[in-house]
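Colleague: Sequence:
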Amino acid sequence: MGFTAKGQGCCLVAGAAAPQGRDLMELGDITDVGVVGAGTMGAGMVQIFAQAGYAVRWYNRSAAGLQRGLSRIRNNQSLLIRHGVLTPSQAEAALALLHPTETLSDLAGVQLVSESIVENLVAKQALFQTLDGLCGSATIFTTNTSGLSISRIAEAVSQPERFAGLHCANPAHIIPVAEIIKGEDTSDATCEMLTALSRRLGKRPVLVQREVPGFISNRLQFALLREALHLIESGVASAADVDAAIKHGIGLRWALFGPLEIADLGGLDVFDAIAGYLFQDLNNAAEVPSTLHRRVAEGRLGVKSGSGFYAYTPEQGQALAEWRDEVLLSLLRVKQQTGDGSHDRHST
Numbered sequence: 001m002g003f004t005a006k007g008q009g010c011c012l013v014a015g016a017a018a019p020q021g022r023d024l025m026e027l028g029d030i031t032d033v034g035v036v037g038a039g040t041m042g043a044g045m046v047q048i049f050a051q052a053g054y055a056v057r058w059y060n061r062s063a064a065g066l067q068r069g070l071s072r073i074r075n076n077q078s079l080l081i082r083h084g085v086l087t088p089s090q091a092e093a094a095l096a097l098l099h100p101t102e103t104l105s106d107l108a109g110v111q112l113v114s115e116s117i118v119e120n121l122v123a124k125q126a127l128f129q130t131l132d133g134l135c136g137s138a139t140i141f142t143t144n145t146s147g148l149s150i151s152r153i154a155e156a157v158s159q160p161e162r163f164a165g166l167h168c169a170n171p172a173h174i175i176p177v178a179e180i181i182k183g184e185d186t187s188d189a190t191c192e193m194l195t196a197l198s199r200r201l202g203k204r205p206v207l208v209q210r211e212v213p214g215f216i217s218n219r220l221q222f223a224l225l226r227e228a229l230h231l232i233e234s235g236v237a238s239a240a241d242v243d244a245a246i247k248h249g250i251g252l253r254w255a256l257f258g259p260l261e262i263a264d265l266g267g268l269d270v271f272d273a274i275a276g277y278l279f280q281d282l283n284n285a286a287e288v289p290s291t292l293h294r295r296v297a298e299g300r301l302g303v304k305s306g307s308g309f310y311a312y313t314p315e316q317g318q319a320l321a322e323w324r325d326e327v328l329l330s331l332l333r334v335k336q337q338t339g340d341g342s343h344d345r346h347s348t
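Under this note's numbering, the final residue of the sequence shown carries the number 348; numbering is consecutive throughout.
No lab work stands behind these hints, which were simulated from the structure alone. Not one of these hints is a red herring.
Label pairs and their in silico Cβ distance ranges:
1. Ala223 <-> Asp272: 16 to 22 Å
2. Ala189 <-> Leu328: 29 to 35 Å
3. Ala275 <-> Leu121: 33 to 39 Å
4. His293 <-> Gly136: 42 to 48 Å
5. Gln90 <-> Glu26: 21 to 27 Å
6. Arg74 <-> Ile250: 31 to 37 Å
7. Ala285 <-> Arg333: 38 to 44 Å
8. Gln337 <-> Glu233: 39 to 45 Å
9. Gly136 <-> Ala263: 43 to 49 Å
10. Glu326 <-> Ala273: 36 to 42 Å
11. Gly249 <-> Arg295: 20 to 26 Å
12. Glu315 <-> Gln67: 18 to 24 Å
Calculated lysine to any residue pairs in the SDA-like style (CA-CA distance at most 20 Å, straight line):
13. Lys335 <-> Glu261
14. Lys247 <-> Ala223
15. Lys247 <-> Leu331
16. Lys304 <-> Arg294
17. Lys335 <-> Leu86
18. Lys247 <-> Gly302
Even glycine gets a Cβ: it sits at the ideal position worked out from N, Cα and C.
Kindly produce the complete structure, drawing on both the sequences and the hints.
Modeller: This is the structure in structure tokens:
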């Protein structure tokens, strides 16, 4: 592993800068991106950048982590090839654009950085403080945090107007949405450039105009999770029945419509009446429910540990993830063929 020489897929220039006469990085200026992290999300970001034609300087602290990430990318690509989303030659071309490294200073010269390290504010700030000293003044910094404050992370860099959240959902090589999160100092131009970049990556960008913890997706996901855990703890339903109610009920609608579209379809008068008596009874606890905390304390972390709310063998966990990805790709193909149901409409 390591960088190839200039002319073989990677342009090693010192200090990324916008073209003379302007200090704003534009989409066309980006040729090399840096990705930090080789876990599930880091490898996913590397893959989507490379498949969009960008040379990717990929940093991780260990060669073993980079190798695991590369294996994950190859497996992801095999799935995409089977579904006709990617050709074998396109997959190999993307892999040729990867330049793994264990030396952070190798990211000097990139025009954009995507970070996917541990969800820890101090660790992220330390990383970006170092990158701020390595990269050029026009470099765009992005974090893939699931919910930490963009503005707090951006305190580590000298030009916070060039710092934003670029949050993709797992699995990043399949799920289309990309959240562009604007921090307190993030410029409109940075958000506009990242929106255009997301479309280039094949994503469906959504703009978080004012940062809040969890942004859009995770706030909605964890609101549902809190209520699901409350129903289990209160003895209303078992974990299996709570999951079944989503998988075989409203979850099917959510694959087609958002919650506000569903309300429009059902009638806002109906939803207003139900909200009038139901909202006051929904769980609003600020503490993490004991049914979740207890499992974590016991080391029951889900698929990766062999048990969580359910028990899994390693083979079952792997098969479940593969089945998820296969079905998601099939669903996306149907949605692409039939449209997303939102054409010729606008919000009021």
